[in-house]
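Chains as they are written, first to last, in the working numbering: chain A, 6 to 297; chain B, 6 to 297; chain C, 6 to 297; chain D, 6 to 297.
Be aware that a few hints might be false.
It does not matter which identical chain is meant; a pair holds if it fits inside one copy or across any two.
Derived lysine-lysine pairs resembling DSBU-like cross-links, with alpha carbons at most 35 Å apart [stated by the list, open to error]:
no., residue 1, residue 2
1, Lys231, Lys167
2, Lys292, Lys53
3, Lys231, Lys135
4, Lys221, Lys167
5, Lys135, Lys221
6, Lys53, Lys7
7, Lys280, Lys53
8, Lys231, Lys40
9, Lys40, Lys221
10, Lys292, Lys167
11, Lys40, Lys292
12, Lys135, Lys26
13, Lys292, Lys114
14, Lys7, Lys231
15, Lys231, Lys53
16, Lys114, Lys221
17, Lys292, Lys7
18, Lys114, Lys231
19, Lys231, Lys221
20, Lys221, Lys53
21, Lys26, Lys292
22, Lys292, Lys231
23, Lys7, Lys221
24, Lys292, Lys221
Rather than coming from a laboratory, the hints here were simulated on the basis of the structure.
Residue strings, one per chain:
4 protein chains.
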Amino acid sequence: MKVGFIGLGQMGAAMAANLVKAGNELTVYNRSPDKASPLLELGATAAKHIADACHGGVVMTMLADDHAAEAVAFGDHGIIASLPRGAMHISCSTISVDLSRRLADAHEKAGQRYVVATVFGRPEAAASAKLFVVAAGAPDAVDSSRELLETIGQRTFTMSSKPEAANLVKLSGNFLIATVIEALGEAMALVGRGGIDLHAYLELLTSSLFNAPVYKTYGGFIADRKFEPAAFAAPLGLKDIRLALAAAEELRVPLPMASLLRDRFITLLAQGGEKLDWSAIGQLAAKDAGEG
Amino acid sequence: MKVGFIGLGQMGAAMAANLVKAGNELTVYNRSPDKASPLLELGATAAKHIADACHGGVVMTMLADDHAAEAVAFGDHGIIASLPRGAMHISCSTISVDLSRRLADAHEKAGQRYVVATVFGRPEAAASAKLFVVAAGAPDAVDSSRELLETIGQRTFTMSSKPEAANLVKLSGNFLIATVIEALGEAMALVGRGGIDLHAYLELLTSSLFNAPVYKTYGGFIADRKFEPAAFAAPLGLKDIRLALAAAEELRVPLPMASLLRDRFITLLAQGGEKLDWSAIGQLAAKDAGEG
Amino acid sequence: MKVGFIGLGQMGAAMAANLVKAGNELTVYNRSPDKASPLLELGATAAKHIADACHGGVVMTMLADDHAAEAVAFGDHGIIASLPRGAMHISCSTISVDLSRRLADAHEKAGQRYVVATVFGRPEAAASAKLFVVAAGAPDAVDSSRELLETIGQRTFTMSSKPEAANLVKLSGNFLIATVIEALGEAMALVGRGGIDLHAYLELLTSSLFNAPVYKTYGGFIADRKFEPAAFAAPLGLKDIRLALAAAEELRVPLPMASLLRDRFITLLAQGGEKLDWSAIGQLAAKDAGEG
Amino acid sequence: MKVGFIGLGQMGAAMAANLVKAGNELTVYNRSPDKASPLLELGATAAKHIADACHGGVVMTMLADDHAAEAVAFGDHGIIASLPRGAMHISCSTISVDLSRRLADAHEKAGQRYVVATVFGRPEAAASAKLFVVAAGAPDAVDSSRELLETIGQRTFTMSSKPEAANLVKLSGNFLIATVIEALGEAMALVGRGGIDLHAYLELLTSSLFNAPVYKTYGGFIADRKFEPAAFAAPLGLKDIRLALAAAEELRVPLPMASLLRDRFITLLAQGGEKLDWSAIGQLAAKDAGEG
């Protein structure tokens, strides 16, 4: 399939690589073009402009935030101006529900198809095509996107015919992960102060009721106090909680745990955590308790 | 082995049954004696008084709260007064760290051995001997208790030579479970308001990053709004969060998520939830959002 | 003095009336022009367009939110396009620090002067020229605005040479008022449940340590459960807390009480409180406690 | 009047001094007897035992906490055992509602009268007899106590015929003061980061909407970062919030602001604040924001 791919960060590059390897004819675009090199070696073509990535039937985007997604989609030479009628935009970025709704409207006016396919999984999962994909959009459009989505992930969950629903699910999922980090941070600050070995504690938790990857991964980071290098940096964590809270405010749903997480991320950033993994909020309970 | 067992609530009765079935010579005591009947049919002997359950080398207790545990242990005819020197008390109750420390002191003065063996798992797990057991105490005492503990659970985790450490771990574990309930309650209030089907959402979560029993069990209760009958009633949830907060205060560890949970449980009880399962706090975010 | 005045809501109309009565030659503009009638009777002139209010040396604005303030200031026929070089814009609206900074930049580029003069006080205080005015901007500009500010208020506090500092102070002040409402709501829910008469309790508080107008005013509303008509409606309260949180996030200052207030306002609006006074959040603690 | 007075801390000593100066025949008792010296110089008599302070018609107590109050009241030689039938105990201590209720029951059984008269005001106010007194109890008992209460305070507020209601009001009042400290701490962290001078900001607040002594006193401490010497030490602040939360839990009233304050006090103590004034929690928002 002829596919454009825009946004070659850690996640995007890994997803694009799997698309090339699966035999798709990929044209890739990134604001800083050097990120494209490894993909060109795999056989992808470099797009000089966004428009060059919009000539196939499908363009996929994996961008860092609303600002980037808005810049790429709108404007004189953006996706909406460049994509042919009937062609499809598959947006994988973690962006706001509000922007996604505006994208849906704009694509509809332009006679283009729009599917949101957000993904769960850290860069390793992206590299091994083990992402979980949450898709939403018009049923026929989601169907058309299915093969591509199965190429980047291990399973696709279709959630709604409204594309922005997949953004809401993604934001809620990152909120849930952050609650795990904070909860582990508090529990481990408590039992650690009580003299319990944190690795033994984590072994107990993850062998019994909490035998899920998120507990293992983040519990390990907290037990080791190891938050670098960042697979998902703290400012992105703050961004996602902010977007979850904004969506919740619009829907009139108070989320007290998300409010608490927002305060934690701001504290982390205020204390110099810009470069740390977002799981470094898991150290703040111990810090409040006078450690380190 | 000759074993006394005190406390025949939902959990205790199931644990005692497994001990009898495994061939132990069990003498059982419960404040309201009718609870003993099913065990007597299995071959256990009824104790008229607490002291009658203290004549073997071991007495196990599984009581509802500090009040009950204190009443059974102390006093003229309690465990400490009745147990022979060198005999062992295995305390499985979810009680305060403070009371457990006082029990440890009292047993030491009386020349008795004291092991704390708290358990994770709902009544079904107790019935099928699938509990996870968290043990702490003097290493030789824990060793002596191992066979009994393996009879009631699927795995025993030894955490510390200080008995009360197992109480702290148990309280921290119930705190972690409660954070899952609240986090799911908030996330599901949000995506539900956004038009997502809650069962599909839960399927996504528990097939991907959150594939742990607690998410399945409690997420299902919240999606179905089904909080009766209570396997673990709301007042017990409040009690455990209160005990976790008390232990944390003594250790000087602030736990903002536990504070939030405490407020949720009080709200639930204030609004008539005394008889509901503790997971009914998972409905409060939706209620705040104007539903139901 | 020839003065334009834009924004004739409850507050703006009262402020404008005092400016006319003090002898100023006032040209008034409001999006819905009927609001101008009482002022015309006092001697003001009606402006058909925003630009018509920009012909004197000064234009004052008192608008509901960022959206309104942005619409009035920018655009082809807005204040910035219409105001002569050297003329002054005095912005009294409660708007975001971010928008205020953008206004400062735009005015500077246009060679215009910009003073922020936010006000504290409810509509009665505006009517009797008893507002407290918080001014910020270039010292000579603030000096030039002083006579007008003294006409609408009882005292002017100059806080900074950066105009947007006065917006920050205003937002922080509304945050502080909201903390009083919430704190009173919680305290009164508690003592009320304990059988104390709420009016006697309020008399005690406001005769002793809390003898400030905010405690009297809002405590009375809560004791009487009287939140209509709204002098300052709940959605405006949410807006101001949101703006305070946004400013705080930019400055990397976590504000846990503001987070709590944000959740309260969302809950109030979710439960049908759009038309209530913002002090109706003071009823939510009692509601959580099962009352009403 | 012949009066016993037990508890000669900062507050109690000042109150006792005023009672002596007003001509009462005072017998004073303190656990560490040297505290009595200044009062003996004023004409008071020293009691060797608690019972010696119970021979007049009235004994007043001003003790640090539940532990001290319980020790003094109960036991073989405590107040309840020593006070004649018909004599009165006026309890001024900030103790739990629960203990106060137990005291009420015990006094009733012993045929003694029991009035609770809690006080608001810092040590300076106690010294100058400017306390605000909150009284509760049987109306005739409160009447009999009135002259004494007017000797120690500037005004007496009678709140209820149930003595423990005055304890609840006192705890709620200290909760309200703590909300002011926290709110000022957050607001001042915010505007300070925004470049506003904190003393000018405080002058604005306390000259306008927040012209109450608590804002002036505590705002000044926060602006000056001066939390020593402690007029009311941080551990007492934690104790009072804990007691307010316990009373609220019993009455089934969730108090989210009190939960937040509890976490703040634990953080302060964890970070070495045992000797600081309780208003030092007002520095924690700035600390979270990376200052100091």
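What are the numbers of the hints that this structure violates, sorted from low to high? Of the numbered hints, 2, 11, 13, 14, 15, 16, 17, 18, 20, 21, 23 do not hold.
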